[in-house]
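Student: Residue numbers (my numbering), protein chains in the order written: chain C, 275 to 664; chain V, 10 to 138.
Hints should not be assumed to be uniformly reliable.
[Said to hold, decoys possible] Derived DEER-like restraints, expressed as beta-carbon distance ranges:
{"no.": "1", "chain 1": "C", "residue 1": "GLU597", "chain 2": "V", "residue 2": "SER16", "range": "43 to 49 Å"}
{"no.": "2", "chain 1": "C", "residue 1": "MET387", "chain 2": "V", "residue 2": "ALA116", "range": "41 to 47 Å"}
{"no.": "3", "chain 1": "V", "residue 1": "PRO105", "chain 2": "C", "residue 2": "SER483", "range": "31 to 37 Å"}
{"no.": "4", "chain 1": "C", "residue 1": "ASP476", "chain 2": "V", "residue 2": "ALA48", "range": "23 to 29 Å"}
{"no.": "5", "chain 1": "C", "residue 1": "GLU444", "chain 2": "V", "residue 2": "ASP122", "range": "40 to 46 Å"}
{"no.": "6", "chain 1": "V", "residue 1": "SER16", "chain 2": "C", "residue 2": "ILE395", "range": "29 to 35 Å"}
{"no.": "7", "chain 1": "V", "residue 1": "ALA136", "chain 2": "C", "residue 2": "HIS560", "range": "51 to 57 Å"}
{"no.": "8", "chain 1": "C", "residue 1": "LYS446", "chain 2": "V", "residue 2": "ALA40", "range": "21 to 27 Å"}
{"no.": "9", "chain 1": "C", "residue 1": "GLN372", "chain 2": "V", "residue 2": "PRO21", "range": "29 to 35 Å"}
{"no.": "10", "chain 1": "V", "residue 1": "PRO105", "chain 2": "C", "residue 2": "HIS440", "range": "43 to 49 Å"}
[Stated by the list, open to error] Sample of chain C residues with no beta-carbon within 10 Å of chain V, all distances over it, derived:
{"no.": "11", "residue": "GLN277"}
{"no.": "12", "residue": "SER426"}
{"no.": "13", "residue": "LEU477"}
{"no.": "14", "residue": "CYS558"}
{"no.": "15", "residue": "ILE562"}
Quick caveat, the hints were computed from the structure, so don't treat them as lab data.
Cβ coordinates follow ideal geometry from the N, Cα and C atoms, glycine included.
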Amino acid sequence: MSQTAAIIGVGESDYSWASGKTEIDMALNAIRLAIADAGLAASDIDGLMRFSFDNVAQSSVAEALGITEVRLALDSASGASSAVTLLAAAASAIALGQAEAIVCYRSFNGRSMLRLGHMPIPPRNEEGNVLAEGASPFGGEFTGPYGMAAPSCAFGLWAQAYMQRHGIAEDKMIRALGTIVTRQRDYATRNPNALMRDKPMDLDGYLKSPMLATPLRKADLCLESDGACAFVVVGKKYAQRAKTRPVYIWDADQCLSPNYSNFFFDFAELPPRIGIGMMDRLLCRHKIRHDDINVLGIYDASSSSVLYDLENLGFCGFGEAVERIADPGIAINTSGGLLAEVYLQGMNLVIELVRQLRGQAFNQVKNARFGALSVGGAQAVALLSHEVCS
Amino acid sequence: MIIPSPSADTKPYWQAAAQGALMLRFCEACATWHHPRHAHCICGAPLTWRQSGGKGALVSFTVVHYGLNPALAEQVPYTITLTRCDEGPQILTAMPGDHKTLRCGMAMTVSFDRVTPTVTLPRFQPAPA
Ligand SMILES: [Zn+2]
Numbered sequence: 275m276s277q278t279a280a281i282i283g284v285g286e287s288d289y290s291w292a293s294g295k296t297e298i299d300m301a302l303n304a305i306r307l308a309i310a311d312a313g314l315a316a317s318d319i320d321g322l323m324r325f326s327f328d329n330v331a332q333s334s335v336a337e338a339l340g341i342t343e344v345r346l347a348l349d350s351a352s353g354a355s356s357a358v359t360l361l362a363a364a365a366s367a368i369a370l371g372q373a374e375a376i377v378c379y380r381s382f383n384g385r386s387m388l389r390l391g392h393m394p395i396p397p398r399n400e401e402g403n404v405l406a407e408g409a410s411p412f413g414g415e416f417t418g419p420y421g422m423a424a425p426s427c428a429f430g431l432w433a434q435a436y437m438q439r440h441g442i443a444e445d446k447m448i449r450a451l452g453t454i455v456t457r458q459r460d461y462a463t464r465n466p467n468a469l470m471r472d473k474p475m476d477l478d479g480y481l482k483s484p485m486l487a488t489p490l491r492k493a494d495l496c497l498e499s500d501g502a503c504a505f506v507v508v509g510k511k512y513a514q515r516a517k518t519r520p521v522y523i524w525d526a527d528q529c530l531s532p533n534y535s536n537f538f539f540d541f542a543e544l545p546p547r548i549g550i551g552m553m554d555r556l557l558c559r560h561k562i563r564h565d566d567i568n569v570l571g572i573y574d575a576s577s578s579s580v581l582y583d584l585e586n587l588g589f590c591g592f593g594e595a596v597e598r599i600a601d602p603g604i605a606i607n608t609s610g611g612l613l614a615e616v617y618l619q620g621m622n623l624v625i626e627l628v629r630q631l632r633g634q635a636f637n638q639v640k641n642a643r644f645g646a647l648s649v650g651g652a653q654a655v656a657l658l659s660h661e662v663c664s
Numbered sequence: 010m011i012i013p014s015p016s017a018d019t020k021p022y023w024q025a026a027a028q029g030a031l032m033l034r035f036c037e038a039c040a041t042w043h044h045p046r047h048a049h050c051i052c053g054a055p056l057t058w059r060q061s062g063g064k065g066a067l068v069s070f071t072v073v074h075y076g077l078n079p080a081l082a083e084q085v086p087y088t089i090t091l092t093r094c095d096e097g098p099q100i101l102t103a104m105p106g107d108h109k110t111l112r113c114g115m116a117m118t119v120s121f122d123r124v125t126p127t128v129t130l131p132r133f134q135p136a137p138a
């Protein structure tokens, strides 16, 4: 992987509950802002990368921006790990000379169009029954008849098994989850684009949030929202003359777990132990330690994901995150994350790490030098810094 | 009510349920059990249907209190359970009501709930002591 690839531009559309815009309009909005932030012209962009399930095609973006030659167009098929896949693919492509300035984007009307948190209602038959078909983990023939309707129910199963496995009392678990939620809600109050900017929540408020799937409340689950994110990855040439402080992609790694995309709860152990040792190996390659990381972005599909990722990534021992979270010694999801900023599947977490490492975040961590990203339930990690990788 | 709409491939599972049998998939080539959603073993052989003993251990559970869509709003609260059958595969079912006193690891046994004249759902519940 290139040690000199850097993110020099980031862009976000307005985040909303009902954008009233098409996904391509939101994508173009975010992409134009990212290119401008980078100090580049659209004609400088020669690579376009997206999530495979994004509805906005690279060719449509290129046409709309007047890019006549795209040297590299690529889709990540890594699902919820795609933010890291794109970072790594862009850095690799830069190193290979396949492209010089790559835009990575994600645009999703995740509330006004497709709500992942709610099982869509399939057709009813003549008796008025809903037919559940196919092998989907949510609403398929083996799950829908039992009310397994959304990832929230799977996260409930994970959390109960976690408590049981480690002998964690329910009130202790609730306190840990409440700490995560209220902290991220607090971060969001200082982020003008965060959807929950006007909705701070204290522990009392958290306890009043309706129970969804025990022990998880509505406030423990990520938002369903509309918006788009984009960032620009370049090599040395553009990084050296960037208007902004470049944020270098030091390293990335991933381990795709097929069950994450298929039968979400059918793991031998719950929550699944994924990516064990991956972060240690990554940090070891650069002779840095967990303690050196100042700010962390964790794909918080649920508040509980923060606990499991801290453990799977080696920030603490298994079963210890419920206590560690009270004072983790590391700032996590400082934009509000997927719980309180927007649900853009980790791409917004990349943008927040860039803001932090530039020293321009709304909840700035002092002297932030290293930022790490964990997406897809610790299936994929990346290490970023404003320093050039030595 | 949400009812299964089987494919040609999964029909035997639901037909057996209506007769009071829990079926799993089995690979004759490597003698391994598989979840009913799989048609082929990882060895490549097609799987056959074989009856489960209907007993297992509770892997986890969650009590759902919030109707995630209108069809489910009529059913809350209900308790989703994940049971590891003695044969190995993990089967997800649910019990009506709030069963917050379940304990992971407890013995479970299958029963059959005829929810419409033509549809029977296997449901795991705690085994009688
Ligand atoms: Zn086999």
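Student: Now tell me if each hint is right for this structure.
Tutor: These are the hints, each one checked on the structure:
no. : hint                                 : verdict
1   : GLU597(C) with SER16(V): 43 to 49 Å  : holds, 47 Å
2   : MET387(C) with ALA116(V): 41 to 47 Å : holds, 45 Å
3   : PRO105(V) with SER483(C): 31 to 37 Å : violated, 24 Å
4   : ASP476(C) with ALA48(V): 23 to 29 Å  : violated, 51 Å
5   : GLU444(C) with ASP122(V): 40 to 46 Å : violated, 29 Å
6   : SER16(V) with ILE395(C): 29 to 35 Å  : violated, 20 Å
7   : ALA136(V) with HIS560(C): 51 to 57 Å : holds, 52 Å
8   : LYS446(C) with ALA40(V): 21 to 27 Å  : violated, 43 Å
9   : GLN372(C) with PRO21(V): 29 to 35 Å  : violated, 50 Å
10  : PRO105(V) with HIS440(C): 43 to 49 Å : violated, 30 Å
11  : GLN277                               : holds, 39 Å
12  : SER426                               : violated, 7 Å
13  : LEU477                               : holds, 20 Å
14  : CYS558                               : holds, 33 Å
15  : ILE562                               : holds, 36 Å
Violation of the numbered hints given earlier is confined to hints 3, 4, 5, 6, 8, 9, 10, 12; the remaining hints are satisfied by the structure.
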